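Given the structure of chain A, go ahead and fit chain B with the ligand onto it with the hints provided.
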Amino acid sequence: MKETKDHAALSEAFNADEPRVNWHDETLWFVRQKRDRAAQTIPDWELLRETASRIKHNVLSNLHDYLLQFEASARANGVIVHWAADAREHNQIVHAILQKHKVDRMVKSKSMLTEECHLNEYLAENGVEVIDSDLGERIVQLAKEPPSHIVLPSIHKKKEEVGMIFHEHLGTPTGMSDPQALTEAARQHLRETFLTRRAALTGVNFAVAETGEFVICTNEGNADMGAHLADVHIACMGIEKLIPERKHLGVFLRLLTRSATGQPITTYSSHFKKPREGHELHLVLVDNGRSVQLGREDFRNSLKCIRCGACMNTCPVYRRSGGHSYHTAVAGPIGSILAPNLDMKANADLPFASTLCGSCTNVCPVKIDIHDQLYKWRQVIVREGYADTKKTMGMKAMTATFASPATFKLAGKAGRWFMRHAPFAVNNRLNPWYKQRDMPAPPKESFGEWYLKNRKKKHE
Amino acid sequence: MTVGLFIPCYVDQFYPNAAIATLELLEKLGVEVAYPLKQTCCGQPMANSGFGHLAAESDELFIRNFSGFDYIVAPSGSCVLHIKDHLHSDKRPAEAKAIREKVYELTEFLTDVLKVDSLKARFPHRVGLHQSCHGQRGLKLAQMSELVAPPFSKPEQLLSMVEGLELVDLTRQDECCGFGGTFCVAEEAVSVKMGKDRVADHLQHGAAYITASDMSCLMHMEGILRRQKSNVKVLHIAEILNAQEL
Ligand code: SF4
Numbered sequence: 001m002k003e004t005k006d007h008a009a010l011s012e013a014f015n016a017d018e019p020r021v022n023w024h025d026e027t028l029w030f031v032r033q034k035r036d037r038a039a040q041t042i043p044d045w046e047l048l049r050e051t052a053s054r055i056k057h058n059v060l061s062n063l064h065d066y067l068l069q070f071e072a073s074a075r076a077n078g079v080i081v082h083w084a085a086d087a088r089e090h091n092q093i094v095h096a097i098l099q100k101h102k103v104d105r106m107v108k109s110k111s112m113l114t115e116e117c118h119l120n121e122y123l124a125e126n127g128v129e130v131i132d133s134d135l136g137e138r139i140v141q142l143a144k145e146p147p148s149h150i151v152l153p154s155i156h157k158k159k160e161e162v163g164m165i166f167h168e169h170l171g172t173p174t175g176m177s178d179p180q181a182l183t184e185a186a187r188q189h190l191r192e193t194f195l196t197r198r199a200a201l202t203g204v205n206f207a208v209a210e211t212g213e214f215v216i217c218t219n220e221g222n223a224d225m226g227a228h229l230a231d232v233h234i235a236c237m238g239i240e241k242l243i244p245e246r247k248h249l250g251v252f253l254r255l256l257t258r259s260a261t262g263q264p265i266t267t268y269s270s271h272f273k274k275p276r277e278g279h280e281l282h283l284v285l286v287d288n289g290r291s292v293q294l295g296r297e298d299f300r301n302s303l304k305c306i307r308c309g310a311c312m313n314t315c316p317v318y319r320r321s322g323g324h325s326y327h328t329a330v331a332g333p334i335g336s337i338l339a340p341n342l343d344m345k346a347n348a349d350l351p352f353a354s355t356l357c358g359s360c361t362n363v364c365p366v367k368i369d370i371h372d373q374l375y376k377w378r379q380v381i382v383r384e385g386y387a388d389t390k391k392t393m394g395m396k397a398m399t400a401t402f403a404s405p406a407t408f409k410l411a412g413k414a415g416r417w418f419m420r421h422a423p424f425a426v427n428n429r430l431n432p433w434y435k436q437r438d439m440p441a442p443p444k445e446s447f448g449e450w451y452l453k454n455r456k457k458k459h460e
Numbered sequence: 461m462t463v464g465l466f467i468p469c470y471v472d473q474f475y476p477n478a479a480i481a482t483l484e485l486l487e488k489l490g491v492e493v494a495y496p497l498k499q500t501c502c503g504q505p506m507a508n509s510g511f512g513h514l515a516a517e518s519d520e521l522f523i524r525n526f527s528g529f530d531y532i533v534a535p536s537g538s539c540v541l542h543i544k545d546h547l548h549s550d551k552r553p554a555e556a557k558a559i560r561e562k563v564y565e566l567t568e569f570l571t572d573v574l575k576v577d578s579l580k581a582r583f584p585h586r587v588g589l590h591q592s593c594h595g596q597r598g599l600k601l602a603q604m605s606e607l608v609a610p611p612f613s614k615p616e617q618l619l620s621m622v623e624g625l626e627l628v629d630l631t632r633q634d635e636c637c638g639f640g641g642t643f644c645v646a647e648e649a650v651s652v653k654m655g656k657d658r659v660a661d662h663l664q665h666g667a668a669y670i671t672a673s674d675m676s677c678l679m680h681m682e683g684i685l686r687r688q689k690s691n692v693k694v695l696h697i698a699e700i701l702n703a704q705e706l
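Chains A and B supply the protein sequences, listed in that same order.
Numbered per this note's numbering, the first sequence spans residues 1 to 460.
Numbered per this note's numbering, the second sequence spans residues 461 to 706.
One chain only, chain A, in its complex shape:
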């Protein structure tokens, strides 16, 4: 991890342009409202969430068995199954498949797992050109940026900015900002890609242990286009993507897109089971820290995530700090739980990038206790020694004061102690409270002092 800035610094930079923050906030709030309307149309929405959560609970409790069952069924279908312990192994496996087929240009549909593994960079270094076929992914790829959102990768870009990127890279006329025209330009450009690539990589949304098949959800049909036109289809999935039986798909497909964008279902929910005649279908099952997280009881639930992005859209912090401030492949509330598992030191700031308001937990279609896990990560991170020293000293001083009623009263009476060390200002250097806010006016007496004067006799 080459990150130097933490979430607070990155979001301060993002907030330098307030109208842009407003636009970002409103765009995502619009999606959150669409999600609300979609959820409200299903009277049993909460039951559906509970059901999904329990199905995933079963999967996580029996992951070993389901994985073996899935592997056996997939193999029986003629799928070539690979296992990757970590990101490196995943990237090597994909590269080896491409090498075997002498492929140096690949089309890829959206997969957050490959972002997590930094596959594009790895393949580029090894001389393989990768074109992302999801429109949003293609935009950030051309802009040489990582996605800022797991469902809406280029949500941070305005349409005028997309027009400029397309002008520069795809030769569209200057000043083009009509979404329809931009989409058409991208479509023409991608058509050529689809027709000439012999290998296609996709993600996996749900893998069915019972049947060995898997489902990919896209709105653009780009996964199908890639997979159906290429000779080799490589699908990469985290080992937690399993569901036990095909009948469970109904639960998840109903929840996924309603939570993500407010649509009843994705435009394409494509089922893949076996390779076509003369073609190869590879499936890479990736651990990359997931079994470690499975072993952390407090954080196990985070593996239920179906990557709908609802927690990001609802998160008041995410909306006002932008996805890139999380400096990790999966941003927002869920990313802040997953990232410290992968690298606690580099991501020690993320569990603190939340007010713990709990909205994420409420929208999550699989009922992950997101904000409680963020709270728990804070305890772990501090215990493991990743809190900054100033904060630690402040906390110790505060604890000592609070532990002694006499000191507390004295300190309070001195008044200024509280101004300097009040809980909310504990981390102060130049008092960040005062930068854009006034301090409360100190009253002439504390409640304790008032009480002694006015109610003392009664309760002496």
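What the hints contain is simulated information worked out from the structure, not anything from laboratory work.
One thing to keep in mind: the hints can contain errors.
Counterexamples of contact, computed for chain A against chain B with all Cβ distances above 10 angstroms [unchecked claim]: (1) D36; (2) M112; (3) K157; (4) G171; (5) D231; (6) L249; (7) E280; (8) V380; (9) R437.
Straight-line Cα separation of at most 30 angstroms, DSS-like style, residue types lysine-lysine; simulated pairs [claimed, not checked]: (10) K600(B) / K444(A); (11) K453(A) / K498(B); (12) K600(B) / K488(B); (13) K580(B) / K5(A).
If you want the ones that stay clear, here's a sample from chain B, every Cβ over 10 angstroms from chain A, calculated [stated by the list, open to error]: (14) M461; (15) K488; (16) V491; (17) Q499; (18) L514; (19) E561; (20) D577; (21) R597; (22) L607; (23) E626; (24) L630; (25) E648; (26) A649; (27) Q664; (28) G666; (29) E705.
Here the structure is a predicted model, which is why all the values come from computation and not from measurement.
Cβ coordinates follow ideal geometry from the N, Cα and C atoms, glycine included.
Just chain B with the ligand now, with coordinates in the frame of chain A:
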């Protein structure tokens, strides 16, 4: 019934009027209230910052202060939630458990325990109610906009008993104001932006006062209002429920 009054440290120091109103309101409703003088801070700011392991002493102190009461009531959803979820003691686990079970936020105590159905209060102003997250989503003081479930709101139920009070609608019903304990300084930029947006929602709908069941959110919003030289005021909900304005 005796109630132990639990006043959060910053309310004691900065907002004694909210504490006085809480005390007077409970007394008016016939409750025997005592304020243990040796209370300091419940330890929430430490715990929220990841220093929960330093909270043992504040937990012990809290247990010493509040063990004897039938109920413990505080004018703060956030501090109550902390006690409810995190107070523990290796030495006196039974007492800690009893405390976790009998601690109440003021409005839920009024609606659920005292079952208040009328108040002698008058406050003829346009008021915006800020739903503080820890109270709303943590203690479930009101239905949350994310859930598909019938609406209810304990603070609103009480405010509707106040004569002359006009509750304003908000565009975003229950969005966080961005206070978040140490978040408000550790993440100053986002915290302030959230606070500004929250305040703007109230202002756009013509609120003359902003109220909440958590003083910390109000302190944050007050800081922003003052900086903007706005004459909109913040008042803890206890001050409105206890108001006699003619
Ligand atoms: S944590 Fe829940 S809300 Fe967030 S992306 Fe995952 S499934 Fe969606």
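> Which hint numbers doesn't this structure obey?
Replying inline: 1, 8, 9, 10, 13, 17, 18, 21, 22, 25 and 26
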